[in-house]
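Everything in the sequence shown is counted per the working numbering, starting at 8 for the first residue and increasing by one.
Some hints could be false.
In silico EDC-like pairs for lysine to aspartate or glutamate, Cα to Cα no more than 20 Å straight-line [unchecked claim]:
(1) 126 - 161
(2) 90 - 104
(3) 138 - 111
(4) 126 - 189
(5) 138 - 161
Using C-beta positions, here's what the derived DEER-type ranges look like [stated by the list, open to error]:
(6) 111 - 74: 43 to 51 Å
(7) 144 - 172: 49 to 57 Å
(8) 158 - 187: 34 to 42 Å
FYI, nobody ran anything at the bench for these hints, they're computed from the structure. None of the values given here were measured: they were computed from a predicted structure. A virtual CB, placed ideally from N, CA and C, is assigned to each residue, including glycine.
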Amino acid sequence: MADKDSDLFFEEMGDVKPLKSKDKANLTVQQEITPGHIVRRASAVTEKVVDDNHLTSTDHIEMLSSNDVLEYKQAGIQHGVYKKLRMGRYPVEARLDLHRMTVEEARKEVFRFIRDCMKYDLRTVIILHGKGDRNPDKKALLKSHLAKWLPDMDDVMAFHSAQKHHGGTGAVYVLLRKSENDRQANRERHGLR
Numbered sequence: 008m009a010d011k012d013s014d015l016f017f018e019e020m021g022d023v024k025p026l027k028s029k030d031k032a033n034l035t036v037q038q039e040i041t042p043g044h045i046v047r048r049a050s051a052v053t054e055k056v057v058d059d060n061h062l063t064s065t066d067h068i069e070m071l072s073s074n075d076v077l078e079y080k081q082a083g084i085q086h087g088v089y090k091k092l093r094m095g096r097y098p099v100e101a102r103l104d105l106h107r108m109t110v111e112e113a114r115k116e117v118f119r120f121i122r123d124c125m126k127y128d129l130r131t132v133i134i135l136h137g138k139g140d141r142n143p144d145k146k147a148l149l150k151s152h153l154a155k156w157l158p159d160m161d162d163v164m165a166f167h168s169a170q171k172h173h174g175g176t177g178a179v180y181v182l183l184r185k186s187e188n189d190r191q192a193n194r195e196r197h198g199l200r
C-alpha cells in the first residue's frame, strides 16, 4: 500500500522544479490601512494604563537601617492580638519575597499581593524585604518604602518585624483586615448582630 502512495506522490510532483537561488518568493502582504487602524495605533501609543495603585515610590522617605524594627498597629487593635502577631504566633498564610526587586517592582508587587490576600480572605502574611546589608550605604531601601506603604493601605491592620526564624528584621508580619464574610461568621459565632 505504501508503494502505491509514493508512486502517486511522485506522479503528481513529477513536473515540479526547485526554485533557483535567485528566485525568491514574495511573502509581504499588502494590508489596507483603514481609519480604524490609525485610531487604534494612536491610542495604543498615547493611552496610559490606569494604575489604581496609590502607593508611591519617592526619594523623600525616612531611610531605615538593617537592624531597625518595623512596627505599626491601627487604633482598636487589641494588645493581645498585636503581641501574638509580633511573636509570630499566627500561621503565615502567604509569603511575598521582594529580594532583588527594584523599588518600583516592589511597589507593584506589594499592592497586588495585599489585594490578592484580601480576595482570598487571608489574615496573616509575611513580606520578605531583606535587610539592605549588601547595599554600599547599608540603608534598607525596600524596608524603608514598606514602612511607608503598609500604613497607607486600608486593609493593613498591623505589622511588625518578624522573629529570627522567619527572617528577623529582613521580613515583616502583616495582619490584614477581616473580610466581610469573616466578620459575619464571627458575629454569628458569638451571637452578635
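Given a hinted range of 34 to 42 Å, is it respected by the beta-carbon distance of residue 158 and residue 187?
The hinted range 34 to 42 Å is violated for residue 158 and residue 187, with Cβ atoms some 22 Å apart.
Can you confirm whether the C-alpha distance between residue 126 and residue 161 stays at or below 20 Å?
Between residue 126 and residue 161 the Cα gap is close to 14 Å, so the pair holds against 20 Å.
Starting from residue 126, check that the Cα of residue 189 is at most 20 Å away, please.
12 Å, holds
Between residue 138 and residue 111, does the CA-CA distance stay at or below 20 Å?
Within the cut-off at roughly 18 Å; holds.
Holds or violated: residue 90 with residue 104, Cα cutoff 20 Å?
Not satisfied, since the Cα-Cα distance of roughly 24 Å exceeds 20 Å.
Could you say whether the range 43 to 51 Å given as a hint is met by the Cβ separation of residue 111 and residue 74?
26 Å, violated
Supplied distance hint 49 to 57 Å, evaluated on CB atoms of residue 144 and residue 172
28 Å, violated
If you draw a straight line from the CA of residue 138 to the CA of residue 161, is it 20 Å or shorter?
25 Å, violated
Figure legend: structure checked against the earlier numbered hints; hints not met, in rising order: 2, 5, 6, 7 and 8.
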